[in-house]
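K.L.:
If you read the protein sequences in the order shown, they are chains V and U.
When the first sequence is numbered by this note's numbering, its final residue is 364 and no position is left out of the sequence of numbers.
When the second sequence is numbered by this note's numbering, its final residue is 405 and no position is left out of the sequence of numbers.
For the record, the hints were derived by calculation from the structure and aren't laboratory data.
A virtual CB, placed ideally from N, CA and C, is assigned to each residue, including glycine.
Hints may be right or wrong, so weigh each one.
[Claimed, not checked] Here are the simulated distance ranges between beta carbons: (1) V:D14 with U:D347: 48 to 58 Å; (2) V:S103 with U:N60: 55 to 65 Å; (3) V:G321 with U:Q390: 38 to 48 Å; (4) U:D374 with V:G321: 24 to 34 Å; (5) V:E175 with U:R268: 43 to 53 Å; (6) V:E241 with U:N60: 33 to 43 Å; (7) U:P7 with V:L10: 19 to 29 Å; (8) V:L10 with U:G371: 26 to 36 Å.
[What the hints assert, rightly or not] With a straight-line Cα cutoff of 16 Å, these simulated EDC-like cross-link-like pairs (lysine to aspartate or glutamate) come out: (9) V:K109 with V:D182; (10) U:K237 with U:D138; (11) U:K322 with V:E269; (12) U:K322 with U:E375; (13) V:K142 with V:D182; (14) V:K109 with V:E175; (15) U:K384 with V:E269; (16) U:K384 with V:E241.
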Amino acid sequence: MAYELTEEQLLIRDEARKLLEKNYSGDALRRCLETEGEYDRNLWQACRDMGWTGIAVPETFGGLGLSPVELGIIAEELGRVCAGVPFLVTSYGVASALLAWGSAEQQSKYLPPLAGGEHIGAVALFDAKGNIRPTLAIEGGKLRGEAVAVIAGLHADVAIVLARRGDEAVLALVELAQPGVDRRALQTFDNSRGAATLTFDGAAAEVLEGGDGGNRAAALLERMAVPLAFEQIGGSDRCLEMARAYALERQAFGQPIGKFQAIKHRIAEMYSLNQIARGNALAATLDLASDGDLTRSASAVRIAAIKAYEFSSKENIQVHGGIGGTWEMDCHLHYRRSRALALELGPVLLWKERLVSHLERQYA
Amino acid sequence: MSGYESPEITAYRQQVRAWLEPHAAKYGASARRGLDMDQNLALGREWQALKAANGYACINLPRQYGGGGGTELQKIIFADEEARFGFPTVFFGVSLGMPVPIMLMHATEEQKQKYVPPAIRGETIWCQLFSEPAAGSDLAGLRTRAIRDGDNWILRGQKVWTTYAQYSDYGVIVARSDPSQVKHAGLTYFFVDMHAPGVEVRPIKMLGGDSEVNEVFFNDVVIPDSQRLGPVGGGFKVAMQTLMIERYAGMDESGFGPSLEQFIRLARTAELNGKPAIGNDLVRNEIAEWAVVQGGLGAIQSKALGAIERGAEPGPEASIFKPVLANLRQRISALAIDLQGNAGLVDDPELGPRDTFQRSWLEVPTLRIAGGSDEMLANTVAEKILGLPQDYRPDKGTPFDQLNK
Chain V
1 MAYELTEEQL LIRDEARKLL EKNYSGDALR RCLETEGEYD RNLWQACRDM GWTGIAVPET
61 FGGLGLSPVE LGIIAEELGR VCAGVPFLVT SYGVASALLA WGSAEQQSKY LPPLAGGEHI
121 GAVALFDAKG NIRPTLAIEG GKLRGEAVAV IAGLHADVAI VLARRGDEAV LALVELAQPG
181 VDRRALQTFD NSRGAATLTF DGAAAEVLEG GDGGNRAAAL LERMAVPLAF EQIGGSDRCL
241 EMARAYALER QAFGQPIGKF QAIKHRIAEM YSLNQIARGN ALAATLDLAS DGDLTRSASA
301 VRIAAIKAYE FSSKENIQVH GGIGGTWEMD CHLHYRRSRA LALELGPVLL WKERLVSHLE
361 RQYA
Chain U
1 MSGYESPEIT AYRQQVRAWL EPHAAKYGAS ARRGLDMDQN LALGREWQAL KAANGYACIN
61 LPRQYGGGGG TELQKIIFAD EEARFGFPTV FFGVSLGMPV PIMLMHATEE QKQKYVPPAI
121 RGETIWCQLF SEPAAGSDLA GLRTRAIRDG DNWILRGQKV WTTYAQYSDY GVIVARSDPS
181 QVKHAGLTYF FVDMHAPGVE VRPIKMLGGD SEVNEVFFND VVIPDSQRLG PVGGGFKVAM
241 QTLMIERYAG MDESGFGPSL EQFIRLARTA ELNGKPAIGN DLVRNEIAEW AVVQGGLGAI
301 QSKALGAIER GAEPGPEASI FKPVLANLRQ RISALAIDLQ GNAGLVDDPE LGPRDTFQRS
361 WLEVPTLRIA GGSDEMLANT VAEKILGLPQ DYRPDKGTPF DQLNK
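Pulled out of the complex, with its shape left as it was, chain U reads as follows (with noise of 0.2 Å):
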């Protein structure tokens, strides 16, 4: 994102520019186009384990375990960069983001080493078991059962949206415990592996035709108590500890959508009346608007990536980013398709999000849920950063199971 940033900052970024563009012939967006998802999968094999090979790949992970050593402002700049080039990372995205993190803080050191530079090397895929199709929003209210059986646990039950869970090897998972508890306590958390007997994955087609999410089905899966990580009940706490890991979500100034200077060129040879839309003020207003939201979202990401050098806590402010470019895509995005007249009608699946508008409004829909609706984000800005109180919650205080008596 543009802005003002440090000398030390901009030393790095060119650093890891000059490193990664000689490799954009053979692993970038356009030699990434026409591949199929099997076939940008081992490129992107090959690609995670060339970074780990340099040092760049889990940049502020400990060399120990296959990181790069060092800090988490790098990583940041890193991931800024790579996104320009357009290289295969989205597979490594959830598994290196949050469930290996999760493990250096609470798996015993020989699983660490077994489990931790594979995935870095990019060889294992992880994936997270959270959402279920009764508790998305409401994280605590999931159903899928973890029953004790000696020292082993048997898990029950089904998650859903459970992203590239069809190439993953291992996940980690929040199952109920004890139902007798009240909805948060009976929780607890563990690793699995997504080739044992009973895990069936079955993929979910979304409404833009693509299928990176999935319905896990655990039918009766045996794990060991020794995959269990914390405490039994404490489950709950380490899966908000898994969604804190990523502190800092960047995000590129466009949404991860088509860019504001793509909007402006499209005005400009679309028409309305005969006469250039650029000119139409309706069309200029959205302009305006969207360059205003990037001039603001912008400092604040310079601000935060200053306060993650000095190593400080970067202000809550980011929490607005999701919500406010997914909205803003949405309008500009219906908006560039009007503008094309009847063929704006046409799409073209093969490309991405980037490349048209048809993409970019197709997938936000779900951007506006995952990873938090704007509803709950709403929530999350009111009772966290301004001290709203919370919700009317009927739950509280019930044990889980005299829930919905």
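If we strip away everything but chain V, and leave its shape as in the complex, we get (with noise of 0.2 Å):
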């Protein structure tokens, strides 16, 4: 596999960007935002009717059997109009879980409807202070306990949990639509990502056996974080596009503020975090596909997508001025969204601290 698209995965982009850029509306996300646990359903159906939300299942379970590297175009497609659907990361989370840790009961029962949409995933790993750590138990095949702000956990259809059983962390996985699972939407500053709380109170759960949960939730993570760095770079990259066309028409003292190195410096510099973005992507996606290093590629391209995002939609809005501030404008719904990205698979100091470990053990 090389850095470079094939034909075919060209296509797929164009594909997927024609698609997105005709059914895609900032006043549909607009509306999102206003409505506590609304998301954008237009636009799921619309990845259902692609078959995007199996891209990365194996078509035995009705999925299309692609690579990471189609996951990922998809991804930063998804990014790039702000999509108001959290899902094809959460849900391609359950399915790898399911893949590497199910047993073939398990993925026969959960990966088709995965595969085809029909469910939606969640991933429910952090206790309510960031930490990788099981706020709920198992026992005797009941899960009881609290998930703090789990994404697409209001809409999801079937979820996977740390929890605790005993001495051991497990994962477990959870079908949500039963008696004893509570969800209580949160109003959040970027509604359309489905965050809620769940509450178990002796569903019916069944145990990923055979490993420890919190390496697993660690490994699930970095799996995550791969398809969902080019969700923020696809953002990012809109980012940079926004301000350039408004710092090419934008005129000041006789000239369009482009000319201004002032402003044509802040979007150079958007243009090198999202390449060092986007190369820290690259290499993950192949460690990804080819069970690399996953680990120093994935904490490091969450780190550069982060920062990237983070830069390109705060510096887009600046190059805006004042209109850039308002509601009707495009800038803020990625200003929100590269917040809530940069916090979904944990912090950007999390992933530091992951890296700057995984490194001290490489050259010991």
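Hints in hand, dock the two standalone chains.
P.N.:
Next up, the structure:
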């Protein structure tokens, strides 16, 4: 596998871009923002129609059986339009856990509906303080406890959770449409992410047997970090394009503001950060596809993508001036999204610590 | 640089490494410790001749002029491997990187036969005489005059920052042949004998104590018109062509400074408040930032090599390498010096910028300017890649001799 996209992959990208740009509406996302627990249902339907929901799920389970490269392509395109659906990555997380650690029965039962998009997946691995630590307990197949602010938790049909079973930590699979599961929507600064607090009171759940839950949770986050980084890079590139277009059009002191170095150097810096993030994303994609050193490359891409998107989204508002800070402009959609994505798989502080600990071991 | 590469590249890399390794004892970093400049240069000439005899000098230039007749990709891989052993190559970097290839593009057949093979064998060295006291980033503002005198030209003026001019036998130079034209149009390009009467070279001592660059004065130096490269008035174009030859500038993952691994080892032995400094979060933050830059640039590099391998143009994103790495190196070198306490003041000028953080830190200010300042490179990204408009340039359209009046 090489760093360049193949003809087929370019075709997938171009089709996705066309479709998303046609169906995208900033107004749809703005409505989501004002409505607790809403997401862009039309866009999700489009994802299902295109088969993207199962893009990285093997064909035997009803997916398209494509590689992490194609998954990244779609994630990037969704990121460009600041899609009001978080499910591509959250469902991928559940499918990914099942493929790695699920039993044959679990795989054949749960993967096909995830691949088809009839089911939405969510992943709950953090405690209320942002540690990878179980807040749930499972005993005799019954799950109890509270998982705070689970992304897509409000809409998901099935979730992978980190739970305590006696002295050990395990990953468990739980269906959310059952008695004993209570969901509470949270008002957030990016409501389209479907964040909800899930309370379990004896809900039926199945343990993914055969490995430590803490290690698996970390490995799962690394896998999810790769497509999420593409989503971030897509958004960040879009911010650069918006800033560039405005800098060409907006006149001040008798010339386009893009002539001023204070503006153009800011946009050049966006480019630089985006390219560093993209380079890391390519490396991590290859590691994901080939079981390489994902701890290093996934941590690196997570850090790089957070930094790039954060910079581009805030400086895009700055380049726009006053109008960039208004509700009607799309700039703030990316500003909000960049922060939401910076949090969702754990903040940059956590990933930096993870990366450096890994390097310490590598250079011991 | 790390990253994924094709089996063909890996195979060539191994072939090259196998050839290089046995020579390391005689020509490599450890053999060169303690040598002065002249001794280094003598060893460098020997090394260059040995490479030429084995087809590893100027790998991508034609065999008929002493090159290796190979590909640009092979040249890049070879240079990458060669750098690992610390062979004495610096004296030939500019010479063979730009002046010699531009000679192959513009000189007559007779001149090519006469000048190029000895340069490739390391017997002669060429320098590039572009920058001037009043023309750095704004190269076309240069003032050195080329005055027509029958079949000859008279060169009068001053160049500066000329790398290894003190060791050079020849140079390529761009000078102003017609001041009544607008600044880009009145320039002409030549090659010049650095031993000709009237050429005066004065080394400049840089802030790190080294003197690799020079001032070069041209006191009515006479050169024949046959040493003109390109048309009269076409000098700016040839100058740009010269700068474009190295479309792929290799960068190692540390930006030619100490490695990330060296920094981690230092942080492990250094102490803050009696505890290992590597436990300090500010130190850890810098390690993370460095690894992230390495990961990103490493992939860009691999991608560029892949493009060259396929015969395609590498993407423009490699233009971020130098500013990103130089700034990172400056910040981390300062932190690394901090981690050594007062002993961090100790500086050994015999060592190179890869060896100590002190040497690295002293070299970086120049790196951020040479070959395009941070600011010019940001302009390049904004204008050439992103299509933003050029700055306001009040000198545009005005004849050179009417400027600043």
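K.L.:
Against each hint, give a clear statement of whether it holds in the structure.
P.N.:
Going down the list of hints, with the structure as the test:
{"no.": "1", "hint": "V:D14 with U:D347: 48 to 58 Å", "verdict": "holds (56 Å)"}
{"no.": "2", "hint": "V:S103 with U:N60: 55 to 65 Å", "verdict": "holds (57 Å)"}
{"no.": "3", "hint": "V:G321 with U:Q390: 38 to 48 Å", "verdict": "violated (22 Å)"}
{"no.": "4", "hint": "U:D374 with V:G321: 24 to 34 Å", "verdict": "holds (26 Å)"}
{"no.": "5", "hint": "V:E175 with U:R268: 43 to 53 Å", "verdict": "holds (48 Å)"}
{"no.": "6", "hint": "V:E241 with U:N60: 33 to 43 Å", "verdict": "holds (37 Å)"}
{"no.": "7", "hint": "U:P7 with V:L10: 19 to 29 Å", "verdict": "holds (24 Å)"}
{"no.": "8", "hint": "V:L10 with U:G371: 26 to 36 Å", "verdict": "holds (34 Å)"}
{"no.": "9", "hint": "V:K109 with V:D182", "verdict": "violated (23 Å)"}
{"no.": "10", "hint": "U:K237 with U:D138", "verdict": "holds (14 Å)"}
{"no.": "11", "hint": "U:K322 with V:E269", "verdict": "holds (13 Å)"}
{"no.": "12", "hint": "U:K322 with U:E375", "verdict": "holds (12 Å)"}
{"no.": "13", "hint": "V:K142 with V:D182", "verdict": "holds (14 Å)"}
{"no.": "14", "hint": "V:K109 with V:E175", "verdict": "holds (12 Å)"}
{"no.": "15", "hint": "U:K384 with V:E269", "verdict": "holds (14 Å)"}
{"no.": "16", "hint": "U:K384 with V:E241", "verdict": "holds (15 Å)"}
Checked against the numbered hints given earlier, the structure breaks hints 3 and 9 and satisfies all the rest.
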